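For this one, chain A is given, so just place chain B on it according to the hints.
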Amino acid sequence: MFPGTWSEKDTHHAVSGVLGQEAEYIWHGDEALNDYDAIVLPGGFSYGDFLRSGAIASHSPVMDAVKVFTERGGPVIGICNGFQVLCESGLLPGVLMHNDHLEFRCIWTDLKVENDSTMFTSGATNGQTLHIPMSHGEGNFQADEATIERLEGNGQIVFRYADAEGNVTPEINPNGSINNIAGIVNERGNVMGMMPHPEKACEKLIGGDDGNIIFSSMIDTIVASLA
Amino acid sequence: MTVSQETLDEIALSRDEYEAIIVRLGREPISLELGLFGALWSEHCGYKHTKALLRTLPNTSDRLLVAPGAENAGVIDLGDGLAVAFKIESHNHPSAVEPFEGAATGVGGIIRDIFAMGARPIALLNSLRFGQPDDARTRYLINGVIGGISSYGNCIGIPDVGGEIFFSDTYKGNPLVNAMCVGLIEDGKMASASAKEPGDLLILVGADTGRDGIHGASGLASRAFEEQAEMRSAVQVGNPFLEKVLIEACIESLDLPGVVGLQDCGAAGITSAAIEMAERSGMGLKLIIDQVPRREEGMTPYEVMLSESQERMLLAVTPGLEVPVFELFEKWDLDATVIGEFEMGEDVRIYDEGEEVSSTPVITLTDAPEYKFTGTKPDWLTVLQNADLSATPLPSESPASTLLKMLASPNIASRFPIYQQYDYHVQTNTVVEPGGDAAVLRLKGSKRGIALSTDCNGRICYLDPEVGTVIAVAEACRNLSVTGATPVALTDGLNFGNPETTDVQFQLTESIAGMSRAAEAFNIPIVSGNASLYNQSNGIDIFPTPIIGSLGLLEDVEKHATAGFKSAGDVIVLLGTDSVWDGIDGLAGSEYFDLIHGKVEGQPRIDLDLEIRTQAMCREAIENELVASGHDVSDGGVACAIAESAIIGNIGAAITEAPGDRWDAAMFGETQSRIMLSVKNENLSAIEALAAAQNVPMVVIGTVGGDAITFGGDDITVPLKDVSDSWENGFNRATSD
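Quick mapping for you: the protein sequence lines, in order, are chains A and B.
Numbers given in my numbering equal positions in the first sequence, counted from 1, plus 29.
Numbers given in my numbering equal positions in the second sequence, counted from 1, plus 23.
Just chain A, with the same shape it has in the complex (with noise of 0.2 Å):
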């Protein structure tokens, strides 16, 4: 967690409190990680986003241990303002722009599901929708064209905006992403960023509890390589 950051406790809830799993917060300061099996970088306003969303959280020591990290397969998922800062830190490609409408949005959004083999959505089938809610002013997606192209071929985009019944169409589209894009994975699989908050979908009560389906793939594909 960085100074700014206000999903830490929800994300913990989540993962801890309803799905059972171990979990512990990481200081920004840390210069070295334990022995996790996955991190999740949580939203919020780190360092308040002065300069740019996720510029100076991408500066700050732990994210070097986060690299190292990656680059040694390990599964990192960032959240909102945890995806702004793997694109600030050139982990996932892309930026994440002021919305095409300048205000800041919270909003229940319907993600299509557009692949379902990486590790974060092995619970899922492709064509699904999953009702999670956003909550940003900076979440416009945006990259040059090879770049899209390339995220498209390879089957990177992992989730887009849609209606309930999945349609995707640029009405539907909350912030001006382009195509749509809600949800990225970098090349290797292991780095996922998007925007709205499955930490926020964790419980029928407040809502939805399909933010839990992306949690439990990434479980579930790590108790499966433990085995």
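Some hints could be false.
Unchecked claim - For lysine to aspartate or glutamate, the following EDC-like pairs were computed, each having C-alpha atoms within a straight-line distance of at most 20 Å:
1) B:Lys354 to A:Glu37
2) A:Lys233 to B:Glu543
3) B:Lys354 to A:Glu232
4) B:Lys703 to B:Glu643
5) B:Lys467 to A:Asp238
6) B:Lys470 to A:Asp238
7) A:Lys38 to B:Glu209
8) A:Lys233 to B:Asp210
9) B:Lys395 to B:Asp39
10) B:Lys354 to A:Glu60
11) B:Lys467 to B:Glu302
12) A:Lys96 to A:Glu216
13) A:Lys233 to B:Asp39
14) B:Lys470 to A:Glu232
15) B:Lys467 to A:Glu37
16) B:Lys74 to B:Asp39
17) B:Lys219 to B:Glu302
18) B:Lys467 to A:Glu51
19) A:Lys96 to A:Asp66
20) A:Lys233 to B:Glu648
21) A:Lys38 to A:Glu51
Claimed, not checked - Some residues of chain A that are not near chain B, with every Cβ distance over 12 Å (derived):
22) Glu37
23) Asp39
24) Phe98
25) Gly119
26) Glu132
27) Gln157
28) Ser164
29) Glu174
30) Glu200
31) Pro203
32) Gly218
33) Glu228
34) Lys229
35) Glu232
36) Leu234
37) Ile251
Honestly, the hints are just simulated from the structure, not real lab data.
Just so you know, these numbers come straight off a predicted model, no measurement behind them.
Using N, Cα and C, we set each Cβ at its ideal position, and we do this for glycine too.
Leaving out everything else, chain B in the frame of chain A:
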């Protein structure tokens, strides 16, 4: 030396008050001391016009852990080892001058009041009032205020779960921006804003002190307010990132053995914060003013004492135990500086560069003068109250198009365009999102939940400040009851005009009397509050606007009701009345009368006994799981309530009876104490039995279903897609060309 009128005006002290200071001190005050008196005797800090009235409010309850006024916020016990601190506060004049920063720092200020209690902030609400949105300046204010709340609240990770917004030209030059914050205290870890022993260190943490916000409390908040663009420098600038870090560091610091007290540094800055701590501790205080870290060079002691720079807190720390405190704040990259110490005695002694520059007894500063008054009812009000409502003809438009117009009114239309700019999910406790009558939050680790709402209809308070305030309390509680929550505590944000006029004195006196009457009848305490006076536009006082924030408790958060209709075939009933339609008296102060006829007149009424019985019965029905949906009947009357439940549930409704000749009063009258439920047919007899047992009148009005709202068969038919379009787009259409 005689002080100039200009100087007194700047700090909002009267000549008489100045003379009183000389008597108390036995000498002329120096300039620095005059600044301290101006700040502490301001309405904002000293409550000189409202103290006597506020003392009459009910403030006892078995659940009350911290009494109103004793600390930064009142605290209510919820059971299960949980307690909540909550409070509402205004930032009206700063928001009128600089809407973005004014609203943002209003949010920041109320959050600090809450975590100063050791409470983790878990919810924000905003109660806003503006002029009609067809005006360019008003739109600038609306966008600025919403942007400021959005920017500050979203960055800090506290969900913004509710509130209200209301438009009337009475607020045109003087918008109201009231922010409420609720915080959770676990395991009795409550903090106090006081020192324990003489010798305790006073430590300032957080932001450096700059020249922003000087005279915010005394100037902006405490005098006749007109367009004061030159007062912009009296508005502070907020940094929500710093506040977020400050929350974490301060809450963590309470686990350190040396930290004995925590205090918000808000209005009137170090002056108010430090001196109130000394008063509360019953000690004297030595302040070393040159130790305060500054943002700007060349600041005088006067400026340092009165700066309202944001994101600062004061700690009282046992001497010898301060090093771990410094280490903790260092970890969060925050400054922590010893700026004084508590001592035996009763004086505030201020040191600058090794010399004592002022020594004043604490009590002379904090014991602000009190003004008592009882205004008399103005004649113009009697005329308004006695107006013959039936003399106003029916509108030329049809009932169906009038309904669409009502739903599109900026006072009734969906607030989604606003709250979608606020994060209402963070902390993952939001069970009922904004858009209903009240927000419902779960409390992790407990079956219990809380419901939160704010309410006040200024139009009705204008027509009768006593009854209007009773109605504000009743509605704020009704909003909770329709979710199933039992009201347990209230906070009040008093927004009134110039208290030096007899009309406003009458309004204040009557309003507080009404608040007392209602709170006593509901048997709930008013645990905290705030007074904002001198709210005027073009010399005309605003409608009296005593905003009521309410907190309710659900024993089992799973058993709650929401406003939207659920399934075709469900029966729609009204509680609190035995007639489907309202009569002409219900138009007093109604949205319909104002919107369609441009009239604010009539005599508002409420039967408090009926209100309390009806709410209790509604809660029991929800607890017994007999209710499919519950919605308060208020602005826009029963027709708008039906439409809202239909739109939210995305299903139509058929109302059996036609509204008759005086259909406007029938459909849009706002007679109090009515609640609309929809229930499964098989539960209807149980609902009727409950109503009979509790002596609550009720009437079956129709059934849920179809894709239109119909009244009296085919008499009046409005397609659901039309009512949805009016209601959902009303706000955006009203605020753009």
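Status of the hints after comparison with the structure:
no.: 1; hint: B:Lys354 to A:Glu37; in the structure: holds, 18 Å
no.: 2; hint: A:Lys233 to B:Glu543; in the structure: violated, 38 Å
no.: 3; hint: B:Lys354 to A:Glu232; in the structure: violated, 34 Å
no.: 4; hint: B:Lys703 to B:Glu643; in the structure: holds, 16 Å
no.: 5; hint: B:Lys467 to A:Asp238; in the structure: holds, 16 Å
no.: 6; hint: B:Lys470 to A:Asp238; in the structure: holds, 19 Å
no.: 7; hint: A:Lys38 to B:Glu209; in the structure: holds, 16 Å
no.: 8; hint: A:Lys233 to B:Asp210; in the structure: violated, 27 Å
no.: 9; hint: B:Lys395 to B:Asp39; in the structure: holds, 15 Å
no.: 10; hint: B:Lys354 to A:Glu60; in the structure: holds, 15 Å
no.: 11; hint: B:Lys467 to B:Glu302; in the structure: violated, 37 Å
no.: 12; hint: A:Lys96 to A:Glu216; in the structure: holds, 15 Å
no.: 13; hint: A:Lys233 to B:Asp39; in the structure: violated, 63 Å
no.: 14; hint: B:Lys470 to A:Glu232; in the structure: holds, 14 Å
no.: 15; hint: B:Lys467 to A:Glu37; in the structure: holds, 15 Å
no.: 16; hint: B:Lys74 to B:Asp39; in the structure: holds, 19 Å
no.: 17; hint: B:Lys219 to B:Glu302; in the structure: holds, 12 Å
no.: 18; hint: B:Lys467 to A:Glu51; in the structure: holds, 18 Å
no.: 19; hint: A:Lys96 to A:Asp66; in the structure: holds, 14 Å
no.: 20; hint: A:Lys233 to B:Glu648; in the structure: holds, 18 Å
no.: 21; hint: A:Lys38 to A:Glu51; in the structure: holds, 13 Å
no.: 22; hint: Glu37; in the structure: violated, 9 Å
no.: 23; hint: Asp39; in the structure: violated, 5 Å
no.: 24; hint: Phe98; in the structure: holds, 23 Å
no.: 25; hint: Gly119; in the structure: holds, 24 Å
no.: 26; hint: Glu132; in the structure: violated, 6 Å
no.: 27; hint: Gln157; in the structure: holds, 22 Å
no.: 28; hint: Ser164; in the structure: violated, 5 Å
no.: 29; hint: Glu174; in the structure: holds, 32 Å
no.: 30; hint: Glu200; in the structure: holds, 15 Å
no.: 31; hint: Pro203; in the structure: violated, 10 Å
no.: 32; hint: Gly218; in the structure: holds, 28 Å
no.: 33; hint: Glu228; in the structure: violated, 7 Å
no.: 34; hint: Lys229; in the structure: violated, 5 Å
no.: 35; hint: Glu232; in the structure: violated, 8 Å
no.: 36; hint: Leu234; in the structure: violated, 6 Å
no.: 37; hint: Ile251; in the structure: holds, 23 Å
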